[in-house]
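Q: Single-letter residue listing:
There are 2 protein chains.
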Amino acid sequence: MLHWRQLLLVVGALILAARGLNPAHGEPLPNPLVISEVYNRSHARVAMKYDPILRAAEEVQRSSSLMKRCDLHWRHATVDHFSWAMPPRNMTTFTQRFFVCNEHWTTYGNGERGPIFFYAGNEADVTLYLNQTGLMWENALDFGAALIFAEHRYYGESLPFGPRSKEHPQFLTAEQAMADYAELILEFKREHGCQNSSVVAFGGSYGGMLAAWMRMKYPQAVDGAIASSAPILAFDGLEPPYDAGSYAKAVTYDATSKAGAAPGCSEAVRQSWDALARQGASSKDRSRLRNELNLCPDIPFQSKEDVTALALWLQSALDYIAMGNFPYASSYITNGNGVLPPFPMRVGCELMMGSGSDDIGLIQGIVKFANIFYNSTQKATCLNFRQGVNPDTDEAASLWGYQWCTEMFMPSSRGGVTDMFWPQPWNETSAVEGCQKEWGVTPRPRWAVTEWGGRKISTATNIVFANGEYDPWSGGGVLESPNPSIVSLFIPRAAHHLDLMFSHHLDTAEVKEARAIQISHIAKWIGRRPKASEGMRLQSIARSVPQKN
Amino acid sequence: MLHWRQLLLVVGALILAARGLNPAHGEPLPNPLVISEVYNRSHARVAMKYDPILRAAEEVQRSSSLMKRCDLHWRHATVDHFSWAMPPRNMTTFTQRFFVCNEHWTTYGNGERGPIFFYAGNEADVTLYLNQTGLMWENALDFGAALIFAEHRYYGESLPFGPRSKEHPQFLTAEQAMADYAELILEFKREHGCQNSSVVAFGGSYGGMLAAWMRMKYPQAVDGAIASSAPILAFDGLEPPYDAGSYAKAVTYDATSKAGAAPGCSEAVRQSWDALARQGASSKDRSRLRNELNLCPDIPFQSKEDVTALALWLQSALDYIAMGNFPYASSYITNGNGVLPPFPMRVGCELMMGSGSDDIGLIQGIVKFANIFYNSTQKATCLNFRQGVNPDTDEAASLWGYQWCTEMFMPSSRGGVTDMFWPQPWNETSAVEGCQKEWGVTPRPRWAVTEWGGRKISTATNIVFANGEYDPWSGGGVLESPNPSIVSLFIPRAAHHLDLMFSHHLDTAEVKEARAIQISHIAKWIGRRPKASEGMRLQSIARSVPQKN
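If you read the sequences in order, they're chains A and B. Per full-length UniProt numbering, numbering through the first sequence is continuous, rising by one, with the last residue being 549. Per full-length UniProt numbering, numbering through the second sequence is continuous, rising by one, with the last residue being 549.
Quick caveat, the hints were computed from the structure, so don't treat them as lab data. None of the values given here were measured: they were computed from a predicted structure. Mixed in with the good hints there might be a few duds.
Which copy? The list can't say, so a pair holds if one copy fits it or any two copies do.
Keeping only pairs whose Cα atoms sit at most 30 Å apart, straight-line, the calculated DSBU-like set for lysine-lysine is [as the list claims (entries may be wrong)]: (1) K249 x K512; (2) K249 x K456; (3) K531 x K249; (4) K249 x K304; (5) K258 x K379; (6) K437 x K531; (7) K512 x K531; (8) K304 x K258; (9) K524 x K456; (10) K284 x K68; (11) K531 x K456; (12) K531 x K189; (13) K437 x K258; (14) K304 x K531.
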């Protein structure tokens, strides 16, 4: 049985694919499109090799180029929309950040303004989404749309209690964030006199959940939603129930030949945990293993608990790599802090299968696999399994932990049979106790289903749910369309919200088709066809002539 | 210009048609059906005459007869669903009261249970709604439905902080109450294994708003809603805007011959205010007037402000009488504390026109008119214009004032031109200041439109909105159907949610037709036709054979 704190870290980290930069830096985040162009001359099975200086230069260039197209705005948001209790320090409002990028915003012949594409920010600095959400950028011109990227309260620079926000996390809930977004949209419309402009919400991962829920709860503010990799069905209390083991099953699937990985990989991964347990059983074994694996000298590796911690750390890497199992190289999953190769699960499986099949070989294989993620910068000189890929973002990760411990209480389990891990059953009691200890809050496991409806979403309209075959979150996604106006796209060979990203010449046919379907639905919701052809659309991002007013 | 406090009292009181009994008494409320039977031998224009002892006996008999058919339940409700701040006195939950009346609850051949009729309690003790909502009772047998009457937090006996609840009103919001109801419904379904049972929400006035919003915000919990006299469009920020003067216009309409009142009545009422001002202009005049009107000796009547207070008090009576302008005698508007005659606006107008047309005659006329309401018990020996009709209920009324001062901030104005009153323009600034002074809260005038969508409700389905021609709240109701699944019934000759009440042989053809339409839509939502004919249905209330399980 896992200790609750380890469990929290693992579960809490799962969804946090996109971590925010340290807000103190305030730097825009890099865009993987540019980075991956360095890789374009290689192919899917290439190992990591790139020029860090070129990469850094291109990142800055690309990021600033997108940021320059946007205006920074701040608004007064209500800290607590649903009660009238006085918040701590009498802070009834806070300043919420959002970006408006309206160079392509059309004015129609009748004087009305074009549509609004609205990114429902999730658990990171909003500049991450601004820089990554190619689907919005690439279609702005053709639809004559203004882009709004709204930051989620408590993340990035939208801090209700400033630097002390983490001390007062009580108002960090999806309902409050969605009310911020609804107010923002209506304010924006009033200020710009564009009450008739259609609004399409976009979001990936937790942001996709918010986009879909915005359409359900605030249909007057949001006319349609592109909800990508949005696990709104990953909660307790569903009928039929959510399969808490689906995440691990999907990670396992990604390590099989069905997903293009080397045959035998998932079996080798499964064996590696036993190998690790055997080779770490005694104090003497652990001393030997420390040297074999080149563990950092200051990291304790003296108990069985340390061995378990190492295993969890390795497992977590595979969870992330599966989410980032994109067809081209990308730094999205590492938040710009290192690059994953194209189809990194396949690369990891190559490394795994290229190692020996004895205990030490298996352990070295799984460590190499995990290092695709942890040492994506190729700068680590030793293995530090007490540290994540991006230590700067601990704060953002911990805030997601708070959300998980309150209303986003998604169960997670592994069994070692249908997945390639070891038995880690879901224990609600211990998870609740962990949350009480960590945050002083008691999760309400049934709340999500009560508030968001579970599987009963058939009254909703104008939502495209997209889930990727390789994305471990797809098991919590909407995979069946309950009515013709809710579209469920299952994208073969796609990982975590690939469809939202910038177009890339290594994009699969399937993700291109998914985007075309999304665009056709957006056109239907807006009631206007996009102006230009596919070819035109992909060029639009390069145009620089402002069309304001 | 009105003083803010007067304005608050007037506006705050408007919607509070149904006041709760003093919760300390805990007595069930009388049902007007029985009371009005005493009147059946008289006709619409009869003045008040009845046997108080007979009335009281029948009330108790009828009320206990309905209450006996129900089981009292309590549940743990979450004080704050949308944030995780610690409520005062560490009270994270409270006990919410609800009644379940399931003698007619069917079990179908396939083992599934029949539908659930759910009353979304509003701003009074829930027993009031239990005893008044005939539409639910009369259709329970035919639909094989269980009835649930859920009490709104902070009213009746559902007090989050016990007797100190009024000190901590912060969690008294519609959103919190609706989350209580959603949780209650899902809990009930889990406990009874009836997940597939359809749920129809019922409500009148603010309860009708809650019923409609439940269908909009929690469509997974509520399959359809009967929203009667639900002024969900009585808020600021609508496009086109809400006519804040519509309430007064409708009260005025009820005093015209188009609404069956004596010709010239509204004009006489309009003149009475000037007459009052003239006759109360000097200290000497006021002394004379005090005697003429038989004001209670201990009530000050020395200043022009006192004269204004008297005018507001009289005006308020007309507001209530218009809401209670039912075709038969009823104590609903007085909450059981006195009976209004059939079509009391017509009776009032008779009294008005029967008085002289000079200043004193007009003033005596308007006082007699108002006394239909204030002296409905016929026990008052003098006129006390500093006291409402039902002083016991000050607490409930004041809590509605809190709701008005936070999110239910409905504007109200009078002009004296399209209505029969005097100029009382809406002054948001002064209303806000009043709320700050009274409750220490600042209303958020735009919140209602943001949260509930204003006129943009076309994505909703399965709602019947019913509004009465005589009901002053109809101006804030949904009078146009935005889609075929949202039905708007405008019921001629009906006042405030008459359609929800028990059938009565003085019911108009129009209200009978409205109920038939409501029943047909309920049948559609449930997917089952009612079992019996209209005649059967009306008898069902009298049956006493329990059909549990």
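Q: Return the numbers of the hints above that this structure violates; sort them in rising order.
A: Failing hints, ascending: 3, 5, 6, 8, 10, 13, 14.
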